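The whole structure should be built from the sequences, with the hints applied where relevant.
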Amino acid sequence: MAEFRDSIEIAASPRTVFDYLTTNEGMTAWMGQYADLDPTPGGRFVVDIAGHPVRGRYLTVDPPRRVVVSWGFPGNDELPAGAFTVEFVLTPTPTGTRVDLRHFNLPDTAVRGHADGWANFLPRLRLVGAGQDAGVDHWRPPDRLAPTKALIREGDRT
1 MAEFRDSIEI AASPRTVFDY LTTNEGMTAW MGQYADLDPT PGGRFVVDIA GHPVRGRYLT
61 VDPPRRVVVS WGFPGNDELP AGAFTVEFVL TPTPTGTRVD LRHFNLPDTA VRGHADGWAN
121 FLPRLRLVGA GQDAGVDHWR PPDRLAPTKA LIREGDRT
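No gaps in the numbering here: position 16 of the sequence shown is 16 in my numbering, and each next residue is one more.
Think of the hints as simulated: they come from the structure by calculation, not from any bench.
Quick caveat, the model's predicted, so the values are computed rather than measured.
Positions of the beta carbon are idealized from the N, C-alpha and C atoms, including for glycine.
Be aware that a few hints might be false.
[Unchecked claim] Have a look at the derived ranges for each label pair, beta carbon to beta carbon:
| id | residue 1 | residue 2 | range |
| --- | --- | --- | --- |
| 1 | Pro94 | Gly43 | 20 to 26 Å |
| 2 | Pro94 | His138 | 29 to 35 Å |
| 3 | Pro92 | Thr23 | 17 to 23 Å |
| 4 | Asp133 | Pro80 | 31 to 37 Å |
| 5 | Met1 | Gly135 | 32 to 38 Å |
| 6 | Asp137 | Asp36 | 29 to 35 Å |
| 7 | Ser13 | Thr109 | 20 to 26 Å |
| 8 | Pro94 | Asp38 | 30 to 36 Å |
| 9 | Gln132 | Asp38 | 24 to 30 Å |
| 10 | Pro80 | Gly135 | 27 to 33 Å |
| 11 | Val136 | Asp116 | 15 to 21 Å |
Have a look at this one:
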């Protein structure tokens with residue numbers, strides 16, 4: 001299994017950035033068009049990104065320092081719901097917050113596609129965290145990340 005790592009600096013407090021990782025409104029400001037989040041250990045992590053469902057659970061919620069979620073796509077045999085882990089570590093800096101991202105337990109073949117997604121979404125998090133509007137997101141995942149059997153239906157949201 002492989003992992004992807006990246007980091008960004010945001011001109012905002014860790015508390016502000018933390019809220020963008022744990023609230024429905026915060027999450028959809030930078031990633032996804034729909035979110036249903038329960039930021040408690042074992043709570044649901046439901047985000048629809050570019051028409052694709054990402055499903056998992058919050059594994060660790062340590063305000064305002066760390067958020068860990070399971071991650072995957074229902075109906076995708078290679079990247080199933082909840083099979084992978086995304087960790088955000090928030091560290092105060094003199095000018096705001098450093099966000100260290102680690103997306104791990106990925107198949108080697110999935111790292112490039114996820115790196116492409118994070119290259120789009122982390123700058124959007126930087127913008128909204130600093131109080132700016134990230135605008136409409138036009139990013140689309142590579143076909144191989146899309147669910148193989150499931151389309152988002154109302155029943156898939158939970």
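Status of the hints after comparison with the structure:
1. Pro94 / Gly43: 20 to 26 Å: 33 Å, violated
2. Pro94 / His138: 29 to 35 Å: At 34 Å between Cβs, range holds.
3. Pro92 / Thr23: 17 to 23 Å: Taking Cβ atoms as reference, Pro92 and Thr23 lie about 20 Å apart, which means the hint holds.
4. Asp133 / Pro80: 31 to 37 Å: Cβ of Asp133 to Cβ of Pro80: about 34 Å, so the range 31 to 37 Å holds.
5. Met1 / Gly135: 32 to 38 Å: 34 Å, holds
6. Asp137 / Asp36: 29 to 35 Å: Violated: the Cβ-Cβ distance is about 18 Å, outside 29 to 35 Å.
7. Ser13 / Thr109: 20 to 26 Å: 38 Å, violated
8. Pro94 / Asp38: 30 to 36 Å: With Cβ atoms ~34 Å apart, the hint holds.
9. Gln132 / Asp38: 24 to 30 Å: Holds, since Gln132 and Asp38 (Cβ atoms, about 28 Å apart) stay within the stated range.
10. Pro80 / Gly135: 27 to 33 Å: At roughly 32 Å between Cβ atoms, Gly135 and Pro80 fall inside 27 to 33 Å, so the hint holds.
11. Val136 / Asp116: 15 to 21 Å: 18 Å Cβ-Cβ, so the 15 to 21 Å window holds.
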